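There are 2 protein chains.
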Amino acid sequence: MPKVSQLHLDARRQEILAGARACFARHGYEGATVRRLEEETGLSRGAIFHHFRDKESLFLAVAEDDAAEMAAVVAEQGLVQVMRNLLDDEFSPEQAGWLGTQLEVSRRLRTDKDFAARWAARSEAISQATHDRLTRQREAGVLREDVDLDTLQRFLELALDGLVLHLAMGRPAAKLGTVLDLVEEAVRRR
Amino acid sequence: MPKVSQLHLDARRQEILAGARACFARHGYEGATVRRLEEETGLSRGAIFHHFRDKESLFLAVAEDDAAEMAAVVAEQGLVQVMRNLLDDEFSPEQAGWLGTQLEVSRRLRTDKDFAARWAARSEAISQATHDRLTRQREAGVLREDVDLDTLQRFLELALDGLVLHLAMGRPAAKLGTVLDLVEEAVRRR
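Just so you know, the sequences run in chain order A and B. Sequential numbering of the first sequence, starting at 79, is according to this note's numbering. Sequential numbering of the second sequence, starting at 79, is according to this note's numbering.
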């Protein structure tokens, strides 16, 4: 019997995550049954749960993947750019999946204390990336000086949360570009 | 047999709405079973569905009630005040209920087209109240002149959505007061 290579295992894991992301987005956490996860990934439950202990672990892996990607964009380009990217990708299936995951996370944070604890560590990465970037921007003299960094960070995070909820509800992204200009202007040096 | 007065019927209706709001907040829409609605309202399913055709109608009535109250505050005091009130009431059970309802609305807007259509008319009242107030404020010379009203309205609504998601996730309200100062400053005349 041929040995399954690590490369193959990683590819399979990515396949499962992509299918699961779409499935959670479409049906919500509770609605994403094992049967639906099988359909969406094209794999058997045996194959899926060879890679992930249970549905909760699978969901957290999806959310963790998204958080890592977002932290990378924040580090390079800042939180406002994350928001602008959300507007540009409005109709992509990937984005629909991402938004769905975010809302599911929000809902489970509210209703499930254990989940909240497991999630805290993961969301910390985005927060840290934002803090680091704002610190660099302040040193570069780009930011307004009359408001502390902590408040500027919370303000940007509030705008991002608002955008997530707005788009996740299916409301139009059109005309939000100028709104993000306002958001950006509010944190910059005049 | 004594005739049931309109006053009594209205009071009963309010009782059901209060219990249902708590129940939807705690368990989500799907989780708010008829049995749980009975427990939370202290009334039988017969009594509940004498007043509301079905669970969806009950949920929409809760959401409509919330929207009407919010539109009234917007008309009197503006959208930023709605946000400040949310911070003040952070730990009240009423607020937990309201936030829960908002998130459930968001989730159902995404997954249920029929619901989205029924909801659209209700959310219009808040939007209209915001528009009217901003128009009056612009006439009074309170708002900045270099950005159109539509954009200012979308900016404030984005902040509100962000606050709803933030609080609904159980994140702390502390320190958001200064963030709302930034929001308010961003729309005002310098």
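Just so you know, not all the hints are guaranteed correct.
[Said to hold, decoys possible] Which chain B residues stay away from chain A? Per the calculated CB distances, all over 12 Å, these: (1) 84; (2) 86; (3) 89; (4) 90; (5) 108; (6) 126; (7) 167; (8) 220; (9) 235; (10) 249; (11) 259.
[As the list claims (entries may be wrong)] Distance ranges between label pairs, derived from CB positions: (12) 93/B <-> 195/A: 34 to 40 Å; (13) 170/B <-> 259/A: 55 to 61 Å; (14) 109/A <-> 125/B: 26 to 32 Å; (15) 122/B <-> 251/A: 43 to 49 Å; (16) 248/B <-> 217/A: 32 to 38 Å; (17) 194/A <-> 220/B: 39 to 45 Å; (18) 89/B <-> 226/A: 46 to 52 Å; (19) 108/B <-> 93/A: 28 to 34 Å; (20) 219/B <-> 192/A: 49 to 55 Å; (21) 268/A <-> 220/B: 18 to 24 Å; (22) 89/B <-> 214/A: 57 to 63 Å; (23) 153/A <-> 216/B: 16 to 22 Å; (24) 163/B <-> 226/A: 23 to 29 Å; (25) 209/B <-> 255/A: 50 to 56 Å.
[Said to hold, decoys possible] According to the in silico footprint, chain B covers these stretches of chain A (three or more CB under 8 Å from chain B): (26) 121-131; (27) 209-220.
The set of hints was computed from the structure by calculation and includes no laboratory data. Note that the coordinates shown come from a computational prediction; the quantities given were computed from them, not determined experimentally. Heads up, the beta-carbon is just placed ideally off N, CA and C, and yes, glycines get one too.
Tested hints:
1. 84: Holds: least Cβ distance 36 Å, greater than 12 Å.
2. 86: holds, 35 Å
3. 89: About 30 Å separates residue 89/B from the closest Cβ of chain A, which puts it past 12 Å; holds.
4. 90: holds, 29 Å
5. 108: For residue 108/B, whose nearest Cβ neighbour in chain A is about 7 Å away, the distance does not exceed 12 Å, so it is violated.
6. 126: Label holds. Min Cβ-Cβ 23 Å, cutoff 12 Å.
7. 167: holds, 16 Å
8. 220: Given a closest Cβ separation of 16 Å, the condition holds.
9. 235: violated, 8 Å
10. 249: Since the minimum Cβ distance to chain A is about 8 Å, residue 249/B lies within 12 Å and the statement is violated.
11. 259: violated, 8 Å
12. 93/B <-> 195/A: 34 to 40 Å: holds, 36 Å
13. 170/B <-> 259/A: 55 to 61 Å: violated, 36 Å
14. 109/A <-> 125/B: 26 to 32 Å: Check passed, 31 Å falls within 26 to 32 Å.
15. 122/B <-> 251/A: 43 to 49 Å: holds, 46 Å
16. 248/B <-> 217/A: 32 to 38 Å: holds, 33 Å
17. 194/A <-> 220/B: 39 to 45 Å: Cβ of residue 194/A to Cβ of residue 220/B: about 40 Å, so the range 39 to 45 Å holds.
18. 89/B <-> 226/A: 46 to 52 Å: holds, 49 Å
19. 108/B <-> 93/A: 28 to 34 Å: Once the Cβ atoms are compared, 29 Å apart, the range 28 to 34 Å for residue 93/A and residue 108/B holds.
20. 219/B <-> 192/A: 49 to 55 Å: holds, 53 Å
21. 268/A <-> 220/B: 18 to 24 Å: holds, 20 Å
22. 89/B <-> 214/A: 57 to 63 Å: Because 60 Å falls inside the window, the suggested range holds.
23. 153/A <-> 216/B: 16 to 22 Å: violated, 39 Å
24. 163/B <-> 226/A: 23 to 29 Å: This hint holds: roughly 24 Å between Cβ atoms.
25. 209/B <-> 255/A: 50 to 56 Å: With Cβ atoms ~20 Å apart, the hint is violated.
26. 121-131: violated (count 0)
27. 209-220: Our answer is that it is violated, as 0 residues pass the Cβ test (under 8 Å) against chain B, missing three.
In the structure shown, a violation is registered for the earlier hints numbered 5, 9, 10, 11, 13, 23, 25, 26, 27, in ascending order.
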